[in-house]
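Chemist: Sequential numbering from 1 applies to the sequence shown in UniProt numbering.
Worth double-checking, as some hints may not be accurate.
Derived Cβ-Cβ restraints for the label pairs, each shown as a range [as the list claims (entries may be wrong)]:
hint	residue 1	residue 2	range
1	E152	V32	33 to 39 Å
2	H17	A151	21 to 27 Å
3	K31	P121	36 to 42 Å
4	K122	V22	35 to 41 Å
5	K45	G24	32 to 38 Å
6	D106	S40	18 to 24 Å
7	Q153	T70	23 to 29 Å
8	G6	P155	17 to 23 Å
9	P38	K123	33 to 39 Å
Result set (BS3-like, lysine-lysine): computed pairs, CA atoms no more than 27 Å apart in a straight line [said to hold, decoys possible]:
hint	residue 1	residue 2
10	K123	K52
11	K122	K44
12	K109	K123
FYI, nobody ran anything at the bench for these hints, they're computed from the structure.
Built from N, CA and C at the ideal position, the CB exists for glycine as well.
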Amino acid sequence: MEMLEGCYESVYNASWHHVVEVPGGEGTGMKVEEGKPPQSWTYKKAGNTFEKDDAVQQSGAPRPRLLVLTSDDGWPYTWEREVSEFIPDCYVNCEVERVWQTVKGDLTKWFSSHGRTEFKPKKRLLIGTSGIGKSMGAGPHPLYQLLHYDAEQIPVVVYFIADRK
Numbered sequence: 001m002e003m004l005e006g007c008y009e010s011v012y013n014a015s016w017h018h019v020v021e022v023p024g025g026e027g028t029g030m031k032v033e034e035g036k037p038p039q040s041w042t043y044k045k046a047g048n049t050f051e052k053d054d055a056v057q058q059s060g061a062p063r064p065r066l067l068v069l070t071s072d073d074g075w076p077y078t079w080e081r082e083v084s085e086f087i088p089d090c091y092v093n094c095e096v097e098r099v100w101q102t103v104k105g106d107l108t109k110w111f112s113s114h115g116r117t118e119f120k121p122k123k124r125l126l127i128g129t130s131g132i133g134k135s136m137g138a139g140p141h142p143l144y145q146l147l148h149y150d151a152e153q154i155p156v157v158v159y160f161i162a163d164r165k
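Please put together the full structure from these sequences, using the hints given.
Modeler: This is how it looks when you write it as structure tokens:
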């Protein structure tokens, strides 16, 4: 297995921006702001998963439409590959954030059990049409979040990049 140098720092130190809706005039405009939004999307439990809950928006707060994580060295799906252009941004929409919420929910249940229950994180499979951004958003975003999770609870994060033929 090949180790790529400097990649941890690049992902860990990625910076946040967000796109918010700006109403007014003729239609709706969009504005890019630095940092994480003061209010992100909210989700409600729907069976074994989560779904976006638009009813819980704070009045007056600009609604985020897109979160952007920017890494100086790009993201894992571009490393050691013949990619035609450098892509420093990871675009996080409400569906990509929902992937993280699912993983985070499993981690919360696992670590809050304090060994008293038999809870084990479930294997998760992300299914989607080729080209919809699974590797460009739903991979890097949870990786970033796991690297920022409590290091005593998750001392090691391993991220595999592989092509299946």
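Chemist: For each hint given before, does the structure comply? Return the numbers of the non-compliant ones in rising order.
Modeler: none
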